[in-house]
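K.L.:
Use the sequences and the hints to build the structure in full.
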Amino acid sequence: PVIMDYQNTVNIQGLNLHRYEGQVEADQTADLTNLPGVPKERGIRTEAIIELWVEPVTGYLVKYQDKATAFYYDQETKDKIGPWNSFSNNYTELSERFHISQAKEQKNLSIVLNIIIPILLIIFGMILSVLVIVAYLKRKKGQSPIPNNLKSTKLTRVLLMPLLVFLSMTIM
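For the sequence shown, this note's numbering assigns the number 29 to the initial residue and increments by one for each residue that follows.
There is no bait here: all hints are sound.
Cut-off 20 Å, straight-line C-alpha distance, at most; resulting in silico cross-link-like pairs (DMTMM-like, lysine to aspartate or glutamate):
| id | residue 1 | residue 2 |
| --- | --- | --- |
| 1 | 106 | 69 |
| 2 | 95 | 79 |
| 3 | 106 | 75 |
| 4 | 108 | 75 |
| 5 | 108 | 69 |
| 6 | 91 | 121 |
| 7 | 106 | 55 |
| 8 | 108 | 55 |
| 9 | 91 | 133 |
| 10 | 108 | 59 |
| 11 | 68 | 55 |
Treat the hints as calculated values from the structure; they're not laboratory data.
P.N.:
Shown next, in the form of structure tokens:
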């Protein structure tokens, strides 16, 4: 595992992203025994810097980049002898554009599911609560809570039944 530290917030194509950076070291001597002098006299240690750009609402990984250098080291002293290999990896520009569009879609979906729908359900519940209270108060006074033109019609049953089913499901 690599500990990634927050560095800053950057805006790429209209999307705010958190940039994280981490460093990792790995001894690759056991994997590279075919190299001259490895593992008897020399070992191989790789040091890498990893950068991640993450959309903070969804956690979607939008951009990735790493830079690494593998060094020979002396098996006795563990001192670096010199570089053996250097490489880097990153998303292509096309891949970044794809991930940005996906992150935007995921963020919008998250906002709808976590903010807009709950607000609408709260408003609907408040309206329904007011209607129930008004109906109760009218009934208590001896008045019918349902207007005469809506009593026991097929249309009323067709409209109210799905509403009652929906409400019973949301309450549970």
